[in-house]
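Peer 1: These are the residues of each chain, in order.
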Amino acid sequence: MTRRVAIVGIGQTKVGYNVDGLNRKELTYMATKQALDDAGIGRDDIDSAITAQLDLYEGASLSQQYTLDSVGGVMKACDQRVGEDGIYAIFAGYLEAAAHPGMIVVVSSVEKSSDRERGSDPAIVLSSLDTLYVRQVCSSVPGLAGLEPCLAAMEARRYMHCYGITESQMASVAVKNYNNALRNPLAQNGQDTSLNEVMDSEMLSWPLRSMMMANPGDGACTLVLASEEVVKDITDKPVWIRGIGWCSDVNYPAVSEMGKAKFINIAARHAYSMAGIKHPSREIDLAEVYDNHSFNELMYCEALGLCGEGEGGKFMEEGKSQYGGSLPVNLSGGLLGHGNPLGTAGLIRVAQATLQLRGDAGDYQVPGAEVAVAQGCQWPYRSGGVAVLSSW
Amino acid sequence: MAKRVAIVSVGMDKFKGRKIETAEEMIYKVAKNALNRAKLPPEAIEAVVYGCAVDAFTATTAAEKVTIGGSNARLKPTMRSCTSGSTAISSPILAYYHVASGLHNMVMSVGFEKMSECRPHAQHVFNTVYDEFFVRPIGLNVPIQCGLEARRFLHRYGHTEHQMAKVSVKNHGNALDNPYAQRGKKVTIDDVMSSPYISWPVKIMDTSPTTDGARAVIFASEDMVYEITDDPVWVKGVGHCGDSVWFMGRNNSDLGRLDYAYKAAQEAYHMAGIEDPSKEIDVAEVYDPFTFKEMQHVEALGLCPEGGAGRMIDEGISLREGKLPVNPSGGLIGEGNPIGAGMSRLCWAWLQIKGQAGDCQVPKEVNTAVCNGWGGMYQYNAVMVIGRD
Chain Z
1 MTRRVAIVGI GQTKVGYNVD GLNRKELTYM ATKQALDDAG IGRDDIDSAI TAQLDLYEGA
61 SLSQQYTLDS VGGVMKACDQ RVGEDGIYAI FAGYLEAAAH PGMIVVVSSV EKSSDRERGS
121 DPAIVLSSLD TLYVRQVCSS VPGLAGLEPC LAAMEARRYM HCYGITESQM ASVAVKNYNN
181 ALRNPLAQNG QDTSLNEVMD SEMLSWPLRS MMMANPGDGA CTLVLASEEV VKDITDKPVW
241 IRGIGWCSDV NYPAVSEMGK AKFINIAARH AYSMAGIKHP SREIDLAEVY DNHSFNELMY
301 CEALGLCGEG EGGKFMEEGK SQYGGSLPVN LSGGLLGHGN PLGTAGLIRV AQATLQLRGD
361 AGDYQVPGAE VAVAQGCQWP YRSGGVAVLS SW
Chain C
1 MAKRVAIVSV GMDKFKGRKI ETAEEMIYKV AKNALNRAKL PPEAIEAVVY GCAVDAFTAT
61 TAAEKVTIGG SNARLKPTMR SCTSGSTAIS SPILAYYHVA SGLHNMVMSV GFEKMSECRP
121 HAQHVFNTVY DEFFVRPIGL NVPIQCGLEA RRFLHRYGHT EHQMAKVSVK NHGNALDNPY
181 AQRGKKVTID DVMSSPYISW PVKIMDTSPT TDGARAVIFA SEDMVYEITD DPVWVKGVGH
241 CGDSVWFMGR NNSDLGRLDY AYKAAQEAYH MAGIEDPSKE IDVAEVYDPF TFKEMQHVEA
301 LGLCPEGGAG RMIDEGISLR EGKLPVNPSG GLIGEGNPIG AGMSRLCWAW LQIKGQAGDC
361 QVPKEVNTAV CNGWGGMYQY NAVMVIGRD
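Same order as they appear, the protein sequences are chains Z and C. Take the first sequence: its letter number 32 is residue 32 in this note's numbering, and every next letter is one higher. Take the second sequence: its letter number 266 is residue 266 in this note's numbering, and every next letter is one higher.
Hints are computed from structural coordinates only; laboratory data are not their basis. A quick note: this is a predicted structure, and the numbers were derived from the prediction, not measured. Any given hint could turn out to be false.
Claimed, not checked - Using 30 Å as the maximum straight-line C-alpha spacing, the simulated DSS-like pairs for lysine-lysine come out as follows:
1. Lys3/C with Lys237/Z
2. Lys232/Z with Lys3/C
3. Lys185/C with Lys14/C
4. Lys3/C with Lys278/Z
5. Lys186/C with Lys3/C
6. Lys278/Z with Lys33/Z
As the list claims (entries may be wrong) - Which bits of chain Z does chain C cover? Going by a derived footprint, with three or more residues having C-beta under 8 Å, they are:
7. 84–94
8. 136–143
9. 164–177
10. 237–251
11. 308–317
12. 362–368
Unchecked claim - With the Cβ distance kept under 10 Å, some of the chain C side facing chain Z (calculated, not the full set):
13. Ser195
14. Asp243
15. Asp254
16. Glu267
Positions of the beta carbon are idealized from the N, C-alpha and C atoms, including for glycine.
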């Protein structure tokens, strides 16, 4: 039996374009201060600090070290990593906390997309592709402008073809998430929108339209983890990490099994077996899913077992994932509504699920939520992770 | 308590200044080598931990994600540790935690780096690790910062450039017997002393080369290690510590003394139950991108008293046949310095304990070894102690 680990503090900044003019060290400091205050501990109580960011998006090598001072990691045992989505910081923090009794670990991630030259993102997406084969093909996309929608549209097309998912089902995910974000005070893109508006937005690469893609944003998120020996001393409302799992698939579009998130499915199965969950669709009260493109929410819901394979569209249409539904998905607004700080969005999903389980989610609280699943991804790589949280 | 973790195999391959293989191919070779050495099927590995320093070397976001085929990690959990030079030991530490936490039973740690693709030189990339407002514009990079640090180190403890040169002679010489080494050669103190300065007092022959290469290490939990071997080498202690990233705002009381390295070592020795490392450690593989770094690290790791590194090399204690051999494989200076694959230090420590180090084997019984990695923004240190019970 491994040692139990709980989330005992949350700190999140608002997500937006150039939030208050803060740089990434300041953003991280704000989120960390908030998380430490939330846990009622000081900088000296931290045993270890972990940060996760993506180098090329930050325009700095070892970008995760940049924020070492801001998370209180100076002269502490710390182990930073990059090249992973923020949700991996939780996994690494869990591993450390589960191995040591009475350990307090701070995990953090930050993204400042507004520092990047406008229009430079496609070049970074290109840099995520295999050097010898895929990059050569994709660099022929004129001006690289449509690279992200092109890559995502290939998968969307395959997904639609395999399971009969319709464009309007994909659009209704966006409608749901933009509307959900209206209730979330930290969200970037909350808007009262309609299906027609999404279906009429600019077509980027069929079937993907501009309102079906998440906008990059700035934001930081910090969580405080503690191993079970010290949890009681810190908080009355711990949220336990019951299961974790992560998985990577190779990323060659020519051989990848598109339209199916097998890597998330494997990660989820690992997390569920740790958590002792046998019927995710019945046992889980809410989910925070990585929806950088609206169809991804449906695909990942299937992979997470929240609905049957190929039933993502039906799941959406029946309203189960809506606010007030039986298994609400992305009440925070997801990446579409809440905003997409690349490389931090996964950690924010965990933070939002934690808020719900603590009953601190304010206007978008699910009454009596006890078990939640949060998922992060590292697009365009086919890799991601899943965390199962519970309030007991 | 945390589960006990053993190292059951290492994967080696030759280091070269420029390899024609892709990163994926380099990894395939070391992963296969490690699996074969332990007679394990690829399916036995449950998760893979990667270590590679800086994405900008190959201009690839998450460089390890395009190489997962090489280590048979498809549809397995993969994670990457990245702390620049200390990735060498911080990624095995992360792999250790995979097992110690009870989450996985067998995990492979893979370190790799392809530095030859940088134009005009890999050192240019290292300027991009600094703060963009205050430090980067100064043009600080590794050799310059190390020059400053070396100067202060020599001054504080009264070490000499001559002693630094002796370390270079030792490590270049040791690498002659290392079949995987890039730069084994016979050099004299005069050769080193007469080589040009790159940043006073550091000379070109005090430095390690840029290298392409990879290494793999397989960790197994106590539950299954006896199915693989009767003589497990345990991970006895791990420690890591980082100072402030502000070059001018370090907790370091002094640029010449690596407070963070002392602390990392202390943590690892405490965990391993080692009280006097200079007596209890049989062999050390320390991180030596520059000769003076080996001297700083042997002091920080407690292999000699503080300020005793000069005497250690003068009296031949750190030679391969000495009382406490340091870098009998040639270290980074002799073997090559592919940042993430600096994990080679851990591999050689394991080979020495197992008695499989070939011509590099030290002429004495080895039960406990220590290795470390140094990096980040020159403020991070990771230490691992391995050994038999």
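Peer 1: For each hint, tell me whether it holds in the structure or not.
Peer 2: Each hint tested on the structure:
1. About 29 Å separates the Cα atoms of Lys3/C and Lys237/Z, which keeps this hinted pair within 30 Å; it holds.
2. About 24 Å separates the Cα atoms of Lys232/Z and Lys3/C, which keeps this hinted pair within 30 Å; it holds.
3. A distance of roughly 16 Å separates the Cα atoms of Lys185/C and Lys14/C; the hinted pair therefore holds under the 30 Å criterion.
4. A threshold of 30 Å between alpha carbons decides the hint, and for Lys3/C with Lys278/Z the separation of about 27 Å falls inside it, so the pair holds.
5. For the hint linking Lys186/C to Lys3/C, the alpha-carbon distance of about 45 Å lies beyond 30 Å, and the restraint is violated.
6. For the hint pairing Lys278/Z with Lys33/Z, the CA-to-CA distance comes to about 38 Å; that exceeds 30 Å, so the pair is violated.
7. Coverage of the segment 84–94 of chain Z by chain C holds. Counting CB-CB distances below 8 Å, 5 residues qualify, and the rule asks for three or more.
8. Coverage of the segment 136–143 of chain Z by chain C is violated [criterion: at least 3 residues with CB-CB distance below 8 Å; count 0].
9. Coverage of a stretch by a chain is defined here by at least three residues with a beta carbon nearer than 8 Å to that chain's beta carbons; for the segment 164–177 of chain Z and chain C the count is 0, and the condition is violated.
10. With 8 residues carrying a beta carbon less than 8 Å from a beta carbon of chain C, the segment 237–251 of chain Z meets the three-residue requirement, and the given coverage holds.
11. Interface restraint, the segment 308–317 of chain Z with chain C: violated (0 residues with C-beta to C-beta distance below 8 Å; minimum three).
12. For a cut-off of 8 Å, the count of residues in the segment 362–368 of chain Z with a CB near a CB of chain C stands at 0, and the three-residue condition is violated.
13. Violation of the interface hint for Ser195/C is found here, the shortest Cβ-Cβ separation to chain Z being roughly 28 Å, above the 10 Å cut-off.
14. About 6 Å separates the beta-carbon of Asp243/C from the nearest beta-carbon of chain Z, less than 10 Å, and the hint is met.
15. A least Cβ separation of about 15 Å between Asp254/C and chain Z goes past the 10 Å threshold, and the interface hint is therefore violated.
16. Restraint check, Glu267/C versus chain Z: the minimum CB separation of about 6 Å is within 10 Å; hint holds.
Of the numbered hints stated above, those contradicted by the structure are hints 5, 6, 8, 9, 11, 12, 13, 15, listed in ascending order.
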